[in-house]
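S.K.: Assemble the whole structure, with the sequences as input and the hints as a guide.
Numbered according to my numbering, the sequence shown spans residues 71 to 192.
Read the hints as simulated data drawn from the structure, not as lab findings. We put the beta carbon where it would ideally sit given N, CA and C, even for glycine. Any given hint could be a false lead.
[As the list claims (entries may be wrong)] Beta-carbon label-pair distances, calculated as ranges:
no., residue 1, residue 2, range
1, 73, 127, 55 to 61 Å
2, 166, 122, 24 to 30 Å
3, 74, 123, 38 to 44 Å
4, 182, 74, 44 to 50 Å
5, 110, 75, 50 to 56 Å
6, 127, 72, 33 to 39 Å
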Amino acid sequence: MTEYELSDLINSISSNIVQGQAVFLTTITAYLVVAYSVGAKLTRFQVSFINFVYILFGLVGIQGQLYNFDRAYYWGGKLAELSGESPTSAENASPWVFISVRLVMVIGSLIFMWQVRHPKTE
71 MTEYELSDLI NSISSNIVQG QAVFLTTITA YLVVAYSVGA KLTRFQVSFI NFVYILFGLV
131 GIQGQLYNFD RAYYWGGKLA ELSGESPTSA ENASPWVFIS VRLVMVIGSL IFMWQVRHPK
191 TE
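M.R.: Structure (structure tokens):
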């Protein structure tokens, strides 16, 4: 591949990463809106089903994004080689930061649903 083709490929992968973030934010927003507006009125089965689907989408999204990160780093190394630079073999911390932030957001939204369904009455 030429430098241009690799750059274009990396740009496409970066766009996919941004798109994945948009889908995740849309999903978490929809979950929080449902939790806030009708969470207390849902049956146990409905909450279980919604939570299962939500967690499944979260895990699939994380896996897809990690694959995109991996490919971006791989093709970035190839572009560095082609440009005459030495590719870095060091592990990049951004996938771990990405996973951590997503997990905190998913767990936080599940806790939010729990608090809506089990309010503390004093």
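S.K.: If a hint holds in the structure, say so; if it does not, say that too.
M.R.: Hints, one by one, checked against the model:
Between residue 73 and residue 127 the CB atoms are about 37 Å apart, so this pair departs from the stated range of 55 to 61 Å. Checking the proposed 24 to 30 Å range against residue 166 and residue 122 shows it holds: the Cβ atoms sit about 26 Å from each other. Range check, residue 74 to residue 123: about 41 Å between beta-carbon atoms, so the 38 to 44 Å window is met. For residue 182 and residue 74, the Cβ-Cβ distance of about 46 Å falls inside the hinted range of 44 to 50 Å, so the restraint holds.
At about 54 Å, the CB distance of residue 110 to residue 75 agrees with the hint of 50 to 56 Å. In this structure, residue 127 and residue 72 meet the distance hint of 33 to 39 Å, their C-beta atoms being roughly 37 Å apart.
Checked against the numbered hints above, the structure violates only hint 1.
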